[in-house]
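Student: For reference, the chains in residue letters:
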Amino acid sequence: AQSVTQPDIHITVSEGASLELRCNYSYGATPYLFWYVQSPGQGLQLLLKYFSGDTLVQGIKGFEAEFKRSQSSFNLRKPSVHWSDAAEYFCAVGAGWNYGQNFVFGPGTRLSVLP
Amino acid sequence: DGGITQSPKYLFRKEGQNVTLSCEQNLNHDAMYWYRQDPGQGLRLIYYSQIVNDFQKGDIAEGYSVSREKKESFPLTVTSAQKNPTAFYLCASRGNPGETQYFGPGTRLLVL
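First to last, the protein sequences are chains A and B.
Sequential numbering from 433 applies to the first sequence in this note's numbering.
Sequential numbering from 10 applies to the second sequence in this note's numbering.
Take these hints with a grain of salt, some might be off.
Said to hold, decoys possible - Here are a few chain B residues that face chain A, going by a calculated C-beta distance under 8 Å: (1) P106; (2) G107; (3) P114.
Keep in mind the hints are simulated off the structure, nothing from the lab.
Since we're looking at a predicted model, the values are computed, not measured.
Yeah, the Cβ is synthetic: ideal placement off N, Cα and C, and Gly gets one too.
With these hints in hand, go ahead and build the complete structure from the sequences.
Tutor: Have a look at this one:
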């Protein structure tokens with residue numbers, strides 16, 4: 433079974449600073465990787481996904497993520513954080529193309545942004 | 010306007026009471042999911058349905074039940090057997106295999 437860890441429970445950055453949120457996964461084959469964002473009391477919104485091909489994927493809101501197979505990582509980055517980016521971020525991994533119910537979320541990283 | 014709707018936004022349950030959370034989608038998606046979200050624990054899968062009239066238990070199905078009589082609807086019942094139901098419940102749907110899941114806005118369940 434696959435698993436996901438997000439080592440940072442809470443991160444605080446200043447507005448305009450760069451951001452990197454870490455995600456490590458465990459899965460024996462090529463994973464399907466996702467990053468979601470959740471504002472308080474809301475559902476989850478997909479930021480970006482990796483299925484295959486170019487290991488650097490671009491998403492919405494200026495986010496990008498890089499898949500590194502050798503490190504089993506899929507870290508999320510943004511060059512300049514905006515106050516509206518304050519939210520909870522979840523990394524997720526699907527086991528295979530037709531992942532069905534084999535879809536696991538990490539525990540989340542809460543991002544706070546200082547003015 | 011396509012999407013997933015969940016109702017109600019807030020739900021209060023009394024001791025010994027069963028309550029039902031609604032999830033409706035007009036995306037024509039085959040697969041639908043129910044997740045429970047607790048602080049610091051991410052999302053945990055309660056039930057999953059890949060097609061109409063079929064569903065499977067997820068990691069924490071005890072105390073919950075579902076039905077899938079229509080493609081667009083996947084209601085979740087929190088039974089009195091669920092001793093700690095206070096949580097945020099999220100419904101999601103997925104189209105073709107390999108696609109991502111799309112989430113509803115959630116229902117917060119509180120116990121009186």
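Student: Are the hints correct? Go through all of them and say.
Tutor: Status of the hints after comparison with the structure:
A least Cβ separation of about 4 Å between P106 of chain B and chain A falls short of the 8 Å threshold, and the interface hint therefore holds. Checking G107 of chain B against chain A by beta carbon gives a least distance of about 4 Å; that is within 8 Å, so the hint holds. Given the 8 Å rule on beta carbons, the hint for P114 of chain B holds: about 5 Å separates it from the nearest Cβ of chain A.
The structure meets every hint from the earlier list without exception.
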